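Undergrad: What follows is each chain in one-letter form.
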Amino acid sequence: MKPIKIDLVKYRWLWFGISLAILIPGIVGIIICCLKYHAPLKPGIDFTGGSILQYQFEKPVDLEPIRQVLSDSGFPGSQVQMAQISGEQVVIMRTKAIESESDKQKIDNHLRETCGPFKMLSVDKVSATIGPELLMSGILSLLVTFAIMICYIAYRFKLDYAICAIIALFHDALALCGIFALLGLISGTEVDSLFISAILTVIGFSVHDTIVVFDRIRENTKYVGSKKLDANSGKERRLSFADIANESVNQTLARSIYTSLTVLITLTSLFLLGGVTTRDFVLAMLIGIASGTYSSIFNASCLLVFWRELKGTQRQTKFAT
Amino acid sequence: MQSKTLAKRPSQKNSFSWKFFSSDWKTIAVSLVFIWSVFTLFQVDKQSNLKDWKQLGNLPVIKLKEEIWQRIEKLPDAAKMDRYERDEIFKQMLERAQSTNTIQIIWQNKRWVLYTNLKLGLDLRGGSQLLLQALPAPPLVPEITPEIMQSVQTVIDNRINSLGVSETLVQRTGKDRLIVELPGIKDPQQAKDRIGTTALLEFKELAINADGKTYWKDTGLTGADFKHAQAVPTVAGGIWRVTFEFKPEGGKKFADLTTRLVGRQIGIFLDGQPTDRSADGMPLPVEKYHGVNVKEPILAGSGEITGSFTKDQAVDLALKLNAGALPVPIKIIEERTVGATLGQDSIEKSLIAGIVGISLVMLFMIIVYGLPGLVADCALILYTLTTLAIFKTMPVTLTLAGIAGFILSVGMAVDANILIFERTKEELKSGKSLYMAIENGFNRAFSSIFDSNINSLIACAVLYSLGTVLVKGFAVTLAIGVLVSMFTAITATRTLLHLVPKYEGLFGQRSKTTVTKESTV
Numbered sequence: 000m001k002p003i004k005i006d007l008v009k010y011r012w013l014w015f016g017i018s019l020a021i022l023i024p025g026i027v028g029i030i031i032c033c034l035k036y037h038a039p040l041k042p043g044i045d046f047t048g049g050s051i052l053q054y055q056f057e058k059p060v061d062l063e064p065i066r067q068v069l070s071d072s073g074f075p076g077s078q079v080q081m082a083q084i085s086g087e088q089v090v091i092m093r094t095k096a097i098e099s100e101s102d103k104q105k106i107d108n109h110l111r112e113t114c115g116p117f118k119m120l121s122v123d124k125v126s127a128t129i130g131p132e133l134l135m136s137g138i139l140s141l142l143v144t145f146a147i148m149i150c151y152i153a154y155r156f157k158l159d160y161a162i163c164a165i166i167a168l169f170h171d172a173l174a175l176c177g178i179f180a181l182l183g184l185i186s187g188t189e190v191d192s193l194f195i196s197a198i199l200t201v202i203g204f205s206v207h208d209t210i211v212v213f214d215r216i217r218e219n220t221k222y223v224g225s226k227k228l229d230a231n232s233g234k235e236r237r238l239s240f241a242d243i244a245n246e247s248v249n250q251t252l253a254r255s256i257y258t259s260l261t262v263l264i265t266l267t268s269l270f271l272l273g274g275v276t277t278r279d280f281v282l283a284m285l286i287g288i289a290s291g292t293y294s295s296i297f298n299a300s301c302l303l304v305f306w307r308e309l310k311g312t313q314r315q316t317k318f319a320t
Numbered sequence: 000m001q002s003k004t005l006a007k008r009p010s011q012k013n014s015f016s017w018k019f020f021s022s023d024w025k026t027i028a029v030s031l032v033f034i035w036s037v038f039t040l041f042q043v044d045k046q047s048n049l050k051d052w053k054q055l056g057n058l059p060v061i062k063l064k065e066e067i068w069q070r071i072e073k074l075p076d077a078a079k080m081d082r083y084e085r086d087e088i089f090k091q092m093l094e095r096a097q098s099t100n101t102i103q104i105i106w107q108n109k110r111w112v113l114y115t116n117l118k119l120g121l122d123l124r125g126g127s128q129l130l131l132q133a134l135p136a137p138p139l140v141p142e143i144t145p146e147i148m149q150s151v152q153t154v155i156d157n158r159i160n161s162l163g164v165s166e167t168l169v170q171r172t173g174k175d176r177l178i179v180e181l182p183g184i185k186d187p188q189q190a191k192d193r194i195g196t197t198a199l200l201e202f203k204e205l206a207i208n209a210d211g212k213t214y215w216k217d218t219g220l221t222g223a224d225f226k227h228a229q230a231v232p233t234v235a236g237g238i239w240r241v242t243f244e245f246k247p248e249g250g251k252k253f254a255d256l257t258t259r260l261v262g263r264q265i266g267i268f269l270d271g272q273p274t275d276r277s278a279d280g281m282p283l284p285v286e287k288y289h290g291v292n293v294k295e296p297i298l299a300g301s302g303e304i305t306g307s308f309t310k311d312q313a314v315d316l317a318l319k320l321n322a323g324a325l326p327v328p329i330k331i332i333e334e335r336t337v338g339a340t341l342g343q344d345s346i347e348k349s350l351i352a353g354i355v356g357i358s359l360v361m362l363f364m365i366i367v368y369g370l371p372g373l374v375a376d377c378a379l380i381l382y383t384l385t386t387l388a389i390f391k392t393m394p395v396t397l398t399l400a401g402i403a404g405f406i407l408s409v410g411m412a413v414d415a416n417i418l419i420f421e422r423t424k425e426e427l428k429s430g431k432s433l434y435m436a437i438e439n440g441f442n443r444a445f446s447s448i449f450d451s452n453i454n455s456l457i458a459c460a461v462l463y464s465l466g467t468v469l470v471k472g473f474a475v476t477l478a479i480g481v482l483v484s485m486f487t488a489i490t491a492t493r494t495l496l497h498l499v500p501k502y503e504g505l506f507g508q509r510s511k512t513t514v515t516k517e518s519t520v
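Line by line, the protein sequences give chains G and Z.
By numbering that gives the first Met the number 0, the letter at position 47 of the first sequence is numbered 46, and the numbering carries on one by one without gaps.
By numbering that gives the first Met the number 0, the letter at position 339 of the second sequence is numbered 338, and the numbering carries on one by one without gaps.
Here chain G stands alone, though its shape is the one from the complex (with noise of 0.2 Å):
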């Protein structure tokens, strides 16, 4: 097997460019969501406070006599939609919270005098007290995760390292928020707490990934300045910190891709054979982690080797230790 060789340096740009490619967009998405939902991401039950509910009815139904109900149980312009879960026809009702128990009854009752009986698959219901609540935790939580891991990095590496690792961290957890901005957006999909686990392991995976990358470049580093024979002109050279990194992905780069590539089979199995539920939450995680991969192998060193050559070659064989 010949081993793929990027030239990680040489097309730098290039791989920044794709990076704000995807970006790009997705900000523009947050910024349209921020707009429409005064919320980054559009938010699901778990943070606005609401109702949802899975019935499956026995005969099959019109959604608009089931609006009907809803509205004249005091939950007007509430969402109904059908969905298939496992080949069934399933009616989900969306609805601004739904507090007192009685309320539910009256809504059950009028639902099944109007469209026949129907069996309960699920109901999630979240008062509008404490989904800002879930909002602050979920929030805290990436707050204090990202705080953690800049001090491990940094106690790990050099502290440019770090701000490196952190940006590529960033960019994997706002590729991400993009994309789910754009698909609430395009198709509706809601963020809930599980967003929030899927940020938090999508972040942990691309450190994990950058660490691997660095840990090489770290370990190579004490080669800078040693002499090279150039394979073209056959001249002897010194090797620059650039060559290094070049060098260290390539070392890295089949691990990497294997790496992913097995987490995005297990993944890709999980979001098309496994539960309705956690399907957005696999999805999130797909998507990060691709993410994480791409800016482990790209971003991350292209932006290290870009620091060091602002600060000027001289000084990189001081950190070969």
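Hints in this document: simulated from the structure, not taken from any laboratory.
Treat the hints with care, as some may be off.
[To be verified] Over the 10 Å line for every Cβ pair with chain Z, so calculated as not near, a few chain G residues: (1) Gly-76; (2) Ser-77; (3) Val-122; (4) Ser-126; (5) Leu-139.
[Unchecked claim] Okay, the calculated bits of chain G under chain Z, using three or more residues with CB under 8 Å as the criterion: (6) 162–171; (7) 268–279.
Only a predicted model underlies this, so the values are computations on that prediction, with no experimental measurement involved.
We treat Cβ as the ideally placed atom computed from N, Cα and C, and that holds for glycine.
Given chain G's structure and the hints, the job is docking chain Z onto it.
TA: Frame of chain G, contents of chain Z only:
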């Protein structure tokens, strides 16, 4: 492009610090872990036995308990057993009957069943999870104190128990909240009604009916008249009493009642059951209940119940008295109910997704690495079994998100092997012997594996400490997965890899001449 300088890496000093790498203890440890996992995870039983247990488990709790006591009586050495032994057997049988309904059958024929029993979350087996919040009720209760929460919990616990659903859970969370879990419940509405309504606390007196039998007669004094009870130590210390207070109206009724009943007993009943509990946690049968002795008339609308109470007993009684009425209003702030159909569907789908995912990963490893890939696959099987066995032992409640975490961790477990194998390949390229290359591969990949796993664990820890229940399930499974993978992917793979015959080309490397040629190109 690979340069000679890069290829000739000075050998590191730690290469031989792991001298005991293949000494016997590792092989033994791996085998022991394997054996433990298999025996923990899988259980075999006769079809007929299992059917019997299942039928038992389907009975309402009270009937089930009766049935079990009857069975214990019928046991051949029942007469020889003392009370303690009987209670032990009772507990075991009860647990068995209740858990049989949640087993997962792996394989069965006419006579035998091979099954496992992982604890499944409500989103998989169906059921309701409610989050209740106690609301302060000024001016009487301006703030929710731990004592108030304690009595709210007792009330809710009693009400849930009265539903007769098995394996319910009422748990405090945060300052003023309760999590209520009702697995496999058919009618969550009934449960919610029960939680919301006020239980009936009654004071009764002993009377004699026409047949000459004693019974407890209503006195008209109920929880509606009751204000508050509290456990306080008497001056002597060690001995506790319970003081209580009625509302003005109730105080008058209570004064009349106690004047009439000096020297006799008052019975305290909750929803028609005595407040005292027997050993199994169920209310004491009415015929065994003796009530509380009245020492003197209590006229002040407040009084005390004395007796040689220990602290625990006094606190318990005070709680029970307070339990009659919820001290503060409660509200259901979050509800997640999953019907059994959707749960079953999720189980089946996750199982298929898991099997397909793991199989594909295994296939991938064989295609990419050949024989070492197969070794990694064995480690992966060990990983899967061990992780599930740990889930079962702890026990970890498997939710849908938890399963996703587990399947994700499978992908990550393989990562350690990929790192090691890639490193080994490089070592071979640089001209090391196969043996040295494998050793160096393991040693050098270790720092990467360790660092990255620490990172995943950080994420898990944060998720666990700050997340909701759903998120916690995911964090726990992922964390256990990461820890187990450190053992299986490193120790187990290394042990197994030293067992397979070492031949030239094990890692797909070419003969040394080609390698040198390639590296100078």
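Undergrad: Are the hints correct? Go through all of them and say.
TA: Evaluation of the provided hints:
| no. | hint | verdict |
| --- | --- | --- |
| 1 | Gly-76 | holds (21 Å) |
| 2 | Ser-77 | holds (17 Å) |
| 3 | Val-122 | violated (4 Å) |
| 4 | Ser-126 | violated (4 Å) |
| 5 | Leu-139 | violated (6 Å) |
| 6 | 162–171 | violated (count 0) |
| 7 | 268–279 | holds (count 9) |
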